[in-house]
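There are 2 protein chains.
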Amino acid sequence: MLKSAQIVSQIQLLIKNGALKAHQKLPSLREQSMQSGFSLMTVLSAYQQLEAQGLIYSKQKSGFYVAGAQVDASSASEALQHTTKIEINSQVFHYLKDTQQQDIIPLCSAFPDHALLFNPRLMSIIAQHAKKRPSYQQNANLPPGNLALRQLIANKYIVQGIATSADDIVITSGALDALNLSLEALTQAGDYILLQQHIFYGAWQASERLGLQVISIPEHPQFGFDLDAFEQALQRYPIKVCWLMLNSHNPIGFTVSDEIKARIGELLQQYQVHLIEDDVYQEMYFGQHKPLSMKFFDQDNDVLHCSSFSKLLGSGTRIGWVHAGRYSEAIQHRQQMRTLSASPLIQNALGDFLSSQHYEKHLRTLRRTLAQNKKQFYQALQRILPNTCEIQYFESGYFLWIKLPESVNADTLYQTLLAENIGISPSSLFNPQHDQSSYFRLNCSFAWSPEIEQACVRIGEMISTLSE
Amino acid sequence: MLKSAQIVSQIQLLIKNGALKAHQKLPSLREQSMQSGFSLMTVLSAYQQLEAQGLIYSKQKSGFYVAGAQVDASSASEALQHTTKIEINSQVFHYLKDTQQQDIIPLCSAFPDHALLFNPRLMSIIAQHAKKRPSYQQNANLPPGNLALRQLIANKYIVQGIATSADDIVITSGALDALNLSLEALTQAGDYILLQQHIFYGAWQASERLGLQVISIPEHPQFGFDLDAFEQALQRYPIKVCWLMLNSHNPIGFTVSDEIKARIGELLQQYQVHLIEDDVYQEMYFGQHKPLSMKFFDQDNDVLHCSSFSKLLGSGTRIGWVHAGRYSEAIQHRQQMRTLSASPLIQNALGDFLSSQHYEKHLRTLRRTLAQNKKQFYQALQRILPNTCEIQYFESGYFLWIKLPESVNADTLYQTLLAENIGISPSSLFNPQHDQSSYFRLNCSFAWSPEIEQACVRIGEMISTLSE
Numbered sequence: 001m002l003k004s005a006q007i008v009s010q011i012q013l014l015i016k017n018g019a020l021k022a023h024q025k026l027p028s029l030r031e032q033s034m035q036s037g038f039s040l041m042t043v044l045s046a047y048q049q050l051e052a053q054g055l056i057y058s059k060q061k062s063g064f065y066v067a068g069a070q071v072d073a074s075s076a077s078e079a080l081q082h083t084t085k086i087e088i089n090s091q092v093f094h095y096l097k098d099t100q101q102q103d104i105i106p107l108c109s110a111f112p113d114h115a116l117l118f119n120p121r122l123m124s125i126i127a128q129h130a131k132k133r134p135s136y137q138q139n140a141n142l143p144p145g146n147l148a149l150r151q152l153i154a155n156k157y158i159v160q161g162i163a164t165s166a167d168d169i170v171i172t173s174g175a176l177d178a179l180n181l182s183l184e185a186l187t188q189a190g191d192y193i194l195l196q197q198h199i200f201y202g203a204w205q206a207s208e209r210l211g212l213q214v215i216s217i218p219e220h221p222q223f224g225f226d227l228d229a230f231e232q233a234l235q236r237y238p239i240k241v242c243w244l245m246l247n248s249h250n251p252i253g254f255t256v257s258d259e260i261k262a263r264i265g266e267l268l269q270q271y272q273v274h275l276i277e278d279d280v281y282q283e284m285y286f287g288q289h290k291p292l293s294m295k296f297f298d299q300d301n302d303v304l305h306c307s308s309f310s311k312l313l314g315s316g317t318r319i320g321w322v323h324a325g326r327y328s329e330a331i332q333h334r335q336q337m338r339t340l341s342a343s344p345l346i347q348n349a350l351g352d353f354l355s356s357q358h359y360e361k362h363l364r365t366l367r368r369t370l371a372q373n374k375k376q377f378y379q380a381l382q383r384i385l386p387n388t389c390e391i392q393y394f395e396s397g398y399f400l401w402i403k404l405p406e407s408v409n410a411d412t413l414y415q416t417l418l419a420e421n422i423g424i425s426p427s428s429l430f431n432p433q434h435d436q437s438s439y440f441r442l443n444c445s446f447a448w449s450p451e452i453e454q455a456c457v458r459i460g461e462m463i464s465t466l467s468e
Numbered sequence: 001m002l003k004s005a006q007i008v009s010q011i012q013l014l015i016k017n018g019a020l021k022a023h024q025k026l027p028s029l030r031e032q033s034m035q036s037g038f039s040l041m042t043v044l045s046a047y048q049q050l051e052a053q054g055l056i057y058s059k060q061k062s063g064f065y066v067a068g069a070q071v072d073a074s075s076a077s078e079a080l081q082h083t084t085k086i087e088i089n090s091q092v093f094h095y096l097k098d099t100q101q102q103d104i105i106p107l108c109s110a111f112p113d114h115a116l117l118f119n120p121r122l123m124s125i126i127a128q129h130a131k132k133r134p135s136y137q138q139n140a141n142l143p144p145g146n147l148a149l150r151q152l153i154a155n156k157y158i159v160q161g162i163a164t165s166a167d168d169i170v171i172t173s174g175a176l177d178a179l180n181l182s183l184e185a186l187t188q189a190g191d192y193i194l195l196q197q198h199i200f201y202g203a204w205q206a207s208e209r210l211g212l213q214v215i216s217i218p219e220h221p222q223f224g225f226d227l228d229a230f231e232q233a234l235q236r237y238p239i240k241v242c243w244l245m246l247n248s249h250n251p252i253g254f255t256v257s258d259e260i261k262a263r264i265g266e267l268l269q270q271y272q273v274h275l276i277e278d279d280v281y282q283e284m285y286f287g288q289h290k291p292l293s294m295k296f297f298d299q300d301n302d303v304l305h306c307s308s309f310s311k312l313l314g315s316g317t318r319i320g321w322v323h324a325g326r327y328s329e330a331i332q333h334r335q336q337m338r339t340l341s342a343s344p345l346i347q348n349a350l351g352d353f354l355s356s357q358h359y360e361k362h363l364r365t366l367r368r369t370l371a372q373n374k375k376q377f378y379q380a381l382q383r384i385l386p387n388t389c390e391i392q393y394f395e396s397g398y399f400l401w402i403k404l405p406e407s408v409n410a411d412t413l414y415q416t417l418l419a420e421n422i423g424i425s426p427s428s429l430f431n432p433q434h435d436q437s438s439y440f441r442l443n444c445s446f447a448w449s450p451e452i453e454q455a456c457v458r459i460g461e462m463i464s465t466l467s468e
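As given, the protein sequences belong to chains A and B, one line each in that order.
Quick note on numbering: the numbering used here labels position 163 of the first sequence as 163, and the sequence is numbered without any gaps.
Quick note on numbering: the numbering used here labels position 420 of the second sequence as 420, and the sequence is numbered without any gaps.
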C-alpha cells in the first residue's frame with residue numbers, strides 16, 4: 001500500500017465514522033506530516049486524492065476542510081467540477097477578434113440580428129435629446145444613474161409582483177458591467193463561486209480575473225437546471241455566490257420552470273448564498289407571459305438581478321442595470337472608481353422611449369420574429385445537417401444548441417468554418433473544462449435567406465468531412 | 001541600548017561599509033532572529049525603524065531589501081512619503097454625493113462650466129448619426145474602438161512630432177477608464193507606484209483598489225515638479241510605475257517645463273520605469289503652443305498617455321483614450337471583460353466633428369474664455385479673501401489653489417460651506433496623507449457674476465470666522 005493511500009483510507013474512515021465532521025478543519029500538511037511520520041509531499045498527495053473524491057475541500061491560505069454531507073454522492077458528485085485555475089481569457093479574446101470581421105456570416109453572434117433591434121422612433125428621440133443641453137449635464141452620469149429611467153425599470157419588476165423602488169436600481173454600462181460590479185462587491189480572491197457547466201463566457205472570465213474557485217453543475221437534460229447537483233454543491237462546498245442564467249439560457253436556450261426557481265430560492269436562503277442572476281434574455285420568451293426572475297423568489301434580498309437593453313435595442317445603447325437592493329451603495333462605490341454610470345444622453349432618451357407605448361410594441365414584434373426565425377432555422381437544419389448531429393430546440397431565446405458526432409471537435413469545426421467566413425460558437429467558449437462531447441451554438445435570429453442556407457449547407461458538409 | 005537599536009546600528013554600519021548593497025535581500029525575520037538570538041518581535045521592530053529611515057524597504061510576501069543610493073538623503077528623503085494602506089474611497093464617495101446636489105454652487109467641480117462645453121454643432125452631428133443604422137452596429141463598440149476616430153486622435157500626436165498610428169490608440173469610456181485599465185495592465189498587488197503628493201483622487205483610489213504601495217513626492221514650489229525628490233524615490237524604492245500629471249496639474253494648476261519633462265524621460269529610461277500620464281487638461285493652456293506630453297520624451301515606449309474629450313466637450317461624451325503602444329492588446333483584453341470601448345454613436349459623431357474645423361474653433365474659444373475667467377477670479381479673490389490666504393496662480397488650467405491660514409482646516413471649511421450650498425474641494429481629497437497645511441481648490445471657469453461673488457464673499461467670511 002502506498003504511503004499516501006494509508007492516509008487516504010485513514011481519513012475516509014474518520015469521516016465515515018463521524019470522527020471528522022462536515023466543515024471541520026483537517027490538520028495542516030505540516031501537522032499531519034509530523035503525526036504520521038510521512039513526508040509533506042506524501043501528505044499533500046493524500047489530501048489531493050481526498051479532494052478529488054469530494055471528501056475534503058481547500059480554502060486559500062487557510063487549509064483543508066471536511067466536505068459537507070455525503071448523501072447521494074454516487075450520482076451527482078461525479079458531475080460536479082471544481083476548477084481552481086481558469087484560463088479562458090485568451091481564447092475569448094481571439095474568438096471575438098476573429099468573428100468581428102465585417103464579412104463574417106454572424107451565426108456566432110450573441111446578439112439578435114441588428115436589423116430587428118434598430119428602432120427609428122428611439123433614434124429620433126436620441127436625436128431630439130442630442131440637441132438639448134440637459135442631456136449633457138455634468139452630474140447626469142454619476143451613479144446610480146438617471147432617476148426617471150431607474151423608476152421605469154423598477155416598474156417592470158413591480159408589474160411582475162416584485163416590490164422594487166428606483167433606489168434598488170443602479171444603471172451600468174451594459175449588463176457585463178453590472179455582472180462584474182456585482183461579483184466584485186460580493187467576493188474576494190479564493191472564494192467559491194457556483195456556475196452552470198455551460199454559461200456565458202463572461203462568468204468564467206470574471207472568475208478568472210478575480211481569482212475565484214469555480215464549482216460547476218451540469219445542466220439537467222430535461223429541465224435545464226439540476227436541483228440535485230445544485231443542492232449537493234451547496235452542501236459540499238463553501239459557496240459564497242452563484243452566477244446563474246435561468247431564462248433563455250445562453251448558450252443552450254432553455255427556460256427553467258417556476259417550480260424549480262422557487263426551490264432554488266429556498267436553497268439559497270437555507271445555505272445563505274448570494275445569487276447573481278444574468279437575465280439579459282428575459283424578454284426572449286415565446287409564450288404569453290414573461291418568465292419570472294429569481295428576484296420573485298428572493299426571500300432575504302440576496303439576489304442581484306442584472307440585465308440590459310443591448311439585446312433589445314442594439315449594442316449601441318450600452319445601458320444595463322442591476323437590481324442591487326441593499327448592495328446599491330457598494331456597487332456605486334466601485335462604479336465611481338471606474339466607469340461612472342453610462343451615457344446620460346442615451347439614459348435620457350431611453351427614459352422617454354420606455355414611457356411610450358413604442359417600447360412594448362417593439363418587444364412584441366421582436367419576440368414574434370425571433371420565434372418564427374428560430375423555427376425556420378430548426379426545420380431547415382433538421383434537413384441540412386447530418387443526422388449524426390443532435391439539435392436541441394427550446395421554446396425561448398434565439399439559439400440552437402447542436403451536439404456534434406463524437407468524432408468531431410467543435411473547436412476544429414469553428415476554425416475550418418472561420419476560414420470560409422462562417423461564424424459559429426464552439427462549446428469550449430462556455431465551458432473551459434473541455435468536455436468530451438462537443439457542441440456549438442447557432443444564432444437563429446436572422447431571416448432565412450439563400451446566403452444563410454448556403455452557410456448552413458457548408459456547416460453540414462464540414463461536419464460530414466470532419467467525421468470521416 | 002535597546003536590543004532592536006543594536007540590530008539597527010549593526011545594519012546601518014553594514015550598509016554604510018558597502019557590505020550590504022543596494023537592493024540586496026536582508027536575512028528574513030526568522031533568520032535574523034536565529035542569528036542574533038533576539039526575538040522575532042525585536043527584529044521586526046528594528047526592520048521597521050530602518051524602513052522608516054529609508055535605509056531598507058519591504059516587498060509583499062518576499063521580505064526586506066536594502067534601499068538604493070543614499071546620496072542627498074538629508075534633503076529630499078524626508079519629503080518622500082511611503083503609504084502602504086490607503087483609505088480614501090469612502091471620503092471621495094461622500095464628497096461626490098454631497099456636491100452632486102442640483103443647487104450647489106459648483107466651485108468644487110473638476111469640469112469647466114458646462115455652458116462653455118456645449119457645442120450645438122457637435123449635438124447636431126450626434127442627432128444626424130442617431131438616425132443612421134451604422135452608428136448602432138453590433139461590433140462597433142468592441143475594442144480598440146472606431147478606426148476613423150483613432151486615426152484622428154493619432155494625428156494630434158503626429159502634429160506634435162510624436163510618431164503614432166491608429167493602432168497605438170485604444171478608445172475607452174472616459175479618461176478614468178483609460179487610467180485604470182493602464183494601471184491594471186502594468187501592476188500587481190504589492191507593487192510600488194510613484195504619485196505626486198497632490199494628485200487627482202482617482203490615482204489614490206486606483207492604488208487603494210489594486211493594493212499598491214504608494215511613494216509620493218512633493219511638488220516643487222517654483223517648477224511644479226521636484227526632480228531631486230523624483231530621482232531619489234527611483235533610487236530608493238523598486239518603483240514599477242509612475243502616475244503623473246504635468247500639464248495644467250489637478251488640483252494645483254501648474255504646467256511643467258519641457259526641460260524638466262526631458263529629464264523625467266531620461267530618468268524613466270535609466271530606471272526602467274513605466275509612466276501613466278494623466279493629461280486630461282492638456283488643451284487648457286493659455287500660451288501659443290500646446291504643451292508637450294511625455295510621449296514626446298518617451299524613449300522606450302514606456303509611457304501610457306491618457307486623455308479624454310469630457311473636459312472639452314462635456315462629461316456626456318464619456319469618450320477617452322490611451323496611447324497604449326505595445327500595451328494595446330493587454331488593455332483590450334481587460335476592456336473586453338469589463339466595459340468594451342464606448343458608445344459607438346458618440347464615437348462616430350466625434351469622428352465627424354474632429355475632422356471639421358469646428359473642433360479647433362471650439363477649443364480656441366474655450367481656452368480664451370477660461371483664461372479670462374481665471375484672471376477675473378484671481379483679481380477678485382485677492383480683494384475678497386482674507387490676506388492670511390495665499391492664492392497660487394498659474395498660467396494654465398482653470399483651478400486656483402489656495403493655502404489657508406494655519407488655524408483653518410480645509411475639511412472643516414468644506415463642511416461648513418456645504419451647509420450653505422457652496423462647493424469647494426479640500427486638499428485631503430488629493431492627498432490622503434493629511435498634511436499639516438490645508439489648501440482648497442477653486443474652479444474658476446465660470447463667468448464672474450453676483451451669485452459667484454456672493455459665494456466667494458461667504459468663503460472669505462467663513463475663513464475669517466474659522467481662524468478666530
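By construction, these hints were calculated from the structure, which means they are not laboratory data.
Check each hint, because a few of them may be wrong.
Because identical chains cannot be distinguished in the list, a pair is counted as satisfied if it fits within a single copy or across any two copies.
[Unchecked claim] Taking lysine-lysine pairs in the DSS-like style, the calculated list, with each CA pair at most 27 Å apart, reads:
id	residue 1	residue 2
1	Lys132	Lys3
2	Lys290	Lys375
3	Lys132	Lys97
4	Lys403	Lys16
5	Lys16	Lys375
6	Lys132	Lys85
7	Lys59	Lys85
(Q) If the cut is 27 Å between Cα atoms, do lysine 132 and lysine 97 qualify within a copy, between copies, both or neither? (A) between (37 Å within a copy, 25 Å between copies)
For lysine 403 vs lysine 16, is the C-alpha pair at or below 27 Å within one copy, between two copies, both, or neither?
neither (40 Å within a copy, 71 Å between copies)
- Using 27 Å as the alpha-carbon threshold, which applies to lysine 132 and lysine 3: within, between, both, or neither? neither (77 Å within a copy, 72 Å between copies)
For this session: Classify it for me, lysine 59 with lysine 85: is the Cα-Cα distance of at most 27 Å met within a copy, between copies, both or neither?
Result: both (14 Å within a copy, 25 Å between copies)
- Is it within, between, both or neither when you check lysine 132 against lysine 85 at 27 Å Cα-Cα? Close neither inside one copy (50 Å) nor across copies (44 Å); limit 27 Å.
message: Please sort lysine 16 with lysine 375 into within, between, both or neither, judging by C-alpha distance up to 27 Å.
response: Close neither inside one copy (52 Å) nor across copies (82 Å); limit 27 Å.
How would you label the pair lysine 290, lysine 375 (within, between, both, or neither) given a Cα cut-off of 27 Å? within (20 Å within a copy, 60 Å between copies)
Checked against the numbered hints above, the structure breaks hints 1, 4, 5, 6 and satisfies the rest.
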